[in-house]
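Novice: Listed below are the residues making up each chain.
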Amino acid sequence: MYCFSISYVNFFALVQNSNKKSFVINRKFVNWSAKQLVDQFYKGNDQINRIGDSDTKIACYMKKIKRLLLLFCLFLQVQAFAQQTVHGTVTDLQTGEPIAGASITLTGVKTPISTQTKDDGTFVLKVSSLLNARLMVSAIGYNTQLVEVNGQENVSIKLEATATVLDDVVVIGYGEQKKSHLTGAVAKLKNENLDEIPASSIDRMLIGKMAGLTVQNLTSETGVSPRIRVRGLSSISAGADPLVVVDGHPMPDGLAAVNPFDVESVEVLKDAASAAIYGSRGANGVILITTKSGKSNKPKYTLKAYYGIKDAYKLHPVMTTREYTEKLYAEAAMRANDPTVPANRVNLISAQEKARYLVESVLSNGQSTNWQKEGLQTAGIYNIQLGVAGGKEIKYFVSGNYQQDDGIMNHNEFNRINFRTKIDGNLGRKVKFGVNLNPSYSKTIRPTTNFTDYYRFYSGLPVYHTVATAAFVNQNEQWKDIRPGDWAQPRHFSNLTYAGYMPDGTFWDSNLDPGLTGGKVSPFSSSNNTPKSIADRQSNITNNYRLQSGGNLSLDLARGLVLKTSGSIYFNYIERDFFSKRDARADGEVNRGEHFTRKYIDLLWENTLNYTKREGHHNFAGLLGFTAQKTNILEAQIVGLNLPSDDIQTLNQASSIELENTYTRKNAIGLLSYLGRITYDYKNRYLFSVSLRTDGSSYFPKGKKYGWFPAVSAGWRLNEEPFLADVLWLNNLKIRTSYGATGNNNIEPFAYMELLNMANYPLGGGTGTLENGLAANNDVLPNILTWERTYQYNAGIDVSVLNNRLSLSLEYYNGVTDRLLLKQATMSFSGSNQFWNNIGKVRNRGFEIELNTVNIRNRKTEWSTSFNLSTNKNTLLDLGGEAYQLNYGERNEVYAAIIGAPSVQFYGYKTNGVWLSDEEIAKAQAEGLTSTLSKYFIAGGLKFVDINGDNEINEKDRTVLGTPFPNFTWGMTNNIRYAGFDLSFVIQGVQGVKLINGDGYYNESKWYNKNYNTPNRWVSAAYPGDGKTPYAAEGADWMLTDYVIENGSYAALRSVILGYALPSSITKKMKINGARFYASGENLFYIMAKGYRGINPEARTVSGNYASPLIDGYQRGAFPIGRTITFGIDINF
Amino acid sequence: MKNIFHIYFLWISICILSACSKVIDLQPESNVSVDNFYRNYTEVRTALTGVYNGLQKPLETEWMLTELRSDISKQGSPGSTSVSNIELNDLNTYLQNSSHPRVYDYWFYTYKNIRSANYVLRSLGVRYQEGATTFATEPTAVMDEEQRQRLAGEALFIRAYHYFNLTRLFGGVFILTEPQTPADLKKINRSSIADCFKFIEADLKAAIEWLPIQTYDKQPEADRGRVTLWAAKALLAKLYLTMDKKTDALSLLNDIIDRSGHALLASFEDVFSINNEMNREILFAVRYKAGGLGLGNFMANAFAPLNSGSAIVNGNGSGLNYPTLHLESRYIVPNTGFKDERKSVTIGRYNTLSYVQKFISQVMTRNDAENDFPVIRYSDVLLMKAEALGYSQESVDIINSIRKRAGAGVYPGSGNFSAAFYLYPDSGPEAITDSNFLDKLLLERRLEFAFENHRYFDLVRTGHFESAMDTYYEAEYDQHYRRFRPPLELDDLKKNIRIRPLLPIPQREIDTNNEIQIIQNPGY
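First to last, the sequence lines map onto chains A and E.
Just so you know, we're using our numbering here: the first sequence kicks off at 26 and counts up by one.
Just so you know, we're using our numbering here: the second sequence kicks off at 12 and counts up by one.
You can trust all of the hints, since none of them are fake.
Mimicking DSS-like on lysine-lysine, the simulated pairs with C-alpha atoms at most 30 Å apart in a straight line are: (1) E:K197 with A:K866; (2) A:K320 with A:K417; (3) A:K727 with E:K33.
It should be emphasised that the hints constitute simulated quantities derived from the structure, not laboratory data.
Using the sequences and the hints given, assemble the complete structure.
Specialist: See below:
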């Protein structure tokens, strides 16, 4: 390599960066004199000597002769101009350490002369005149500086370290590339102190860090992965998760199993051209994780530990039963004052509500239960990890980690033990190998009740019976054995008589209530047990055993030609045990155990052939590859019922097996791929890349299995052009563009076949004998299917100025996905309401900005900021000829996918306040307004807008009420270092996102919620409140209206880390390399949008049948945001 | 070293060329596909068992669309605002919208089973064309003619049963007899009620032709629960009554009475006993089986009283299908004298709460009871005959035979007729007359078949729907409907049954078809 670069020595210098393994080219040496270059070459650079051994000796002799000639010429030049001498030292601005090998060039003269600093940073240079000499001082890793000598004989020069290292190496699919030579859109994040953010998985740490990558915590539950999207939603029925590749192996469970500490860097391949090398699975973007490797060194140990506590950021403002009943009485008093209210409508307080009030105010002595708090726990998080890296010929990195992360919900816990061993090295001169072994174990405990169950529960009901409540319910023969301290359940209070004083001072006796049968009241209508009594008697524990292990061998077949083969196995065994104790959910319920296991084995075999060649100004690299991947999945479940003891939970004790849910199921998935890529650059200025991949997938029928995914990209590094060579403030300027195709096959296996499921039936005498039956049971009809493809165009510009203190990247992309793997709605009378189709188009386009600045950099202080912002506009272009598709969610809320608009839009009625009075309704009806909606004309109910103007309010008046897709997302990270202190914080936000607040949609939880039952609600014609808030469940209360569409925008202080590193004077005494203490926090502060009535703007409900990309933006029963404070220590020795 | 490379290259090459394609040529390992099934008698019979299985799912919501929309049941707590209770209230007060989720569920699961039946019929070469259901093509499955007729007859009955229910609840519906492509589905519009009835008639006639003639006693024990000739005839008779073709109905009913071997049991209670399933009185039932097989009856837990803990049935009750006071008051159960034994079998009481007793047996896990759900009983055949005959001595005798079985005594001809439970006398003020015949018949049906999902159909078929509902709402308004939130006037209730007597075609169905206009039922 060295040998031929010397032939154009006038343009480039090749130097070895002492800190890096790789060679880098720096244009700052353009102005070097030949002498300096030659000096450089002879400076004990062992590369030179090594080259001599290679089989290109002849070529090298030729070069040596050239070199001697050059030397001779230079000698003459130097002699001719040497008249005065300047002495100096070059040091690092921040550390004050001398810089060796910095080059000093005399400029402004016809023939520049140069020298280099010695190890102690000193130099001597002969100049023609001291007075007007200008020196250009440059060194690798430092910003070039111009120094006016001004007649001094001694100059001291302080160089500032380069803010961003341009020639960072970026991992791309099946290889690496210099960042300066990238032509696609790849975002890179180095793990600096990511692992100090108190979260258990790396995905949550990426929030707000990169443009184009959105990470959303759909739930605060610990152990549950967030939703990750790269550049919007390109698939609407197939999966939309990006492909996660860890050290070359695609990980089926995403980022969940990656220990943040082991991560060296995270790269996101955003544009299609970059992701196309992953072909089939690249359509949703690719996240590449590179783990740490050993470096040639003595063993270096790192010990990190932190401990933290969590609490809920915000809870629902809920009224107690007393407060609520008092409010009802206050409203009754208002109605009594309103002459338009008929006497029998003044007091609308039901016997149930009165009895409920009495339980809380009399029986429980005014004590109310805060059910939200009952559902939460004070949680801790701790983490300890030890790593060692080092090696010589064989390099190693070994780490171990233990983490416990408790959720703020009761019975929510995540524990993980993780080991990682990575060994690589050379076997002789031509063979390299690498082996990795990463076992991990995690245990997740999930709560069995969701948060809605807590915050909508009656505050009047105690958690446990008190002496008073037990005595009270003992009146009922059925509950005569209830004792104080037993769980209190709603039913215990049923069918009893109640009497006592109401908030308005009147005495109420249920025996005298004419509406009640026998004077008996059941105050708590819920038939469920209390959520806490359920959660405490059920357990849901998942043990997850993972092993990812692989080996690779690369062989230098010829010069520049490397064959690499790697085999990798991913083994995952999940064991989930659910146990519900006797009577947990309801009385008389037997205990029940479920044991579920899933064995997942993924084998991957990859072979690549890499060729690199440099010829003159032409740099060429080629890649050919073949990969095969086979996955086998075996699921098994056994359900046992009626065990003699709740303490023994293994199913050997079960007295019967529930056959319905006992099964084994097998599945296999295969992928076969061929890939190729050529990258080429001319003079390091003009960059080109072409790639092609074809994949065959078992998901598609014969003849439709293969898809082709080509990509091209090009870049132009303008700053390498001679006409910009003298613009010193411009450090980097590159424009690039790309176009490529990626695919998606992420649907369930055999979606192209209609399968029969078990559907038995009892026939015959007596109670019948089970007869085998089969029925086509799936709701989605199959169809001939093939790959979904995304074609995406990307254009980008990278600029760095002012000694790299300010760098900016802009991206624009426009991608169209066609042949969507679409679950299209079909007529339900076919017996199936959806069918698979390869039809439709969706477009995603947007801008991304990444801005990095170094605001302050001096010896003591450094402050840098990185800011990113991304927009994405999702537009549905085609739905197979249909104009729209409506999708129905959990509570029958409607999502419209309409051509020409975003793929998901909420579809319902616009409201215009509430009907203020019966007169207003009568007037509207007299003017001809009609409605087929059955509960529409009700005073105090919501008033809908007649969108189509036909004077009839009906289904045709539904319209678009908003989209869950944000206008833009942004994030900002600041790193500040002062003396031994460091502070970093991440602020992140989402703007312009709408959500359906299902908690408001769902009356049960709305009733007690102050945010919905403000003093402003409608009470009667004379007391219409604000005219906008409906009276409880009046009117068309659970059709989707804009009343429950809320703004989900927010800005959050995601994480803060404040650290202090002990000065080296102390650490030296302690005989360690370094020690640092830090405190960090997560989710410390939120600014939520006005009008948002929930507690967690990020949360979304995606469950079971409703887990479709076309159903998005629905929020119900969200756990509170967990706020965490941790303290940690970090020791290197 | 070089040899290793050569071997290695050879290995990759072999793999690329051949062996590795196995990686992507995969077949499902845990399910049979439709295309590889329905090949012979055993397989089609297995698929037909799947069709029987599909009868269960629509029953989960059928009571909401029939009994809850009649004077049989209501939602138990009038002030409730929980979503599931509001759904029930909407049906109870005829306020349902076209997006009502439970209406959609019934629609969807019924059609889903029709799809399964259609697959079976396709493999047998059965087609419905020009008003007749015949063997039009060669069966794709290999079997003999007798087997083919038997399977086709059973599948046709089930298809007809589903379409009959749909047509009576929704009016004219979409007729689909074989699988169609999604594009072709959008070309199919609703058929008229008459066309639907014609189609159901054709299916049932074919079933009657093909099902074997076997008396109840001759039916092999292993076949109990399968569709019989008599069930098909009874269903066709019900169709004829609905179409007001009483003579056609009568001949079918007489045939059943004369030849089927079915008869009334001595005790009403025994008819519903889980120890006596598929008894002589049952012509057709949807069968359930307890024991964690996924085939248990949901009704025990759904209908047991709310908050009863384990007092009635393990795992608590939901108190659904809550009996109306009006129904309860129609059973004559005095403290002394003859009483209507049907009440205690039909309605239970827990503290102050009434509940449906008919289908409750003890369960180990929720929604897993043993009880079958009767679809056609012999007493229905008898009362249908009375309906077909109209007022006559024979009809009065039939009504009295049903009453007698329920425990009625002979009216001494004096005293308060309703003080005890009596047979109708032949003469006097309490006798059945031409003018009150239909009222008495409907009352008997109401008491006999309460919670068996008959009442709404009975009222509509006989034209008594509006008057009976008015009477009921008037009787129960003060006690129940007055306490609704938002407030409901009695007049609103009476208006609603007239505005929306039929269920809506699900909005989703109308929304999905962007090619043709689907006409919604009036009132939506």
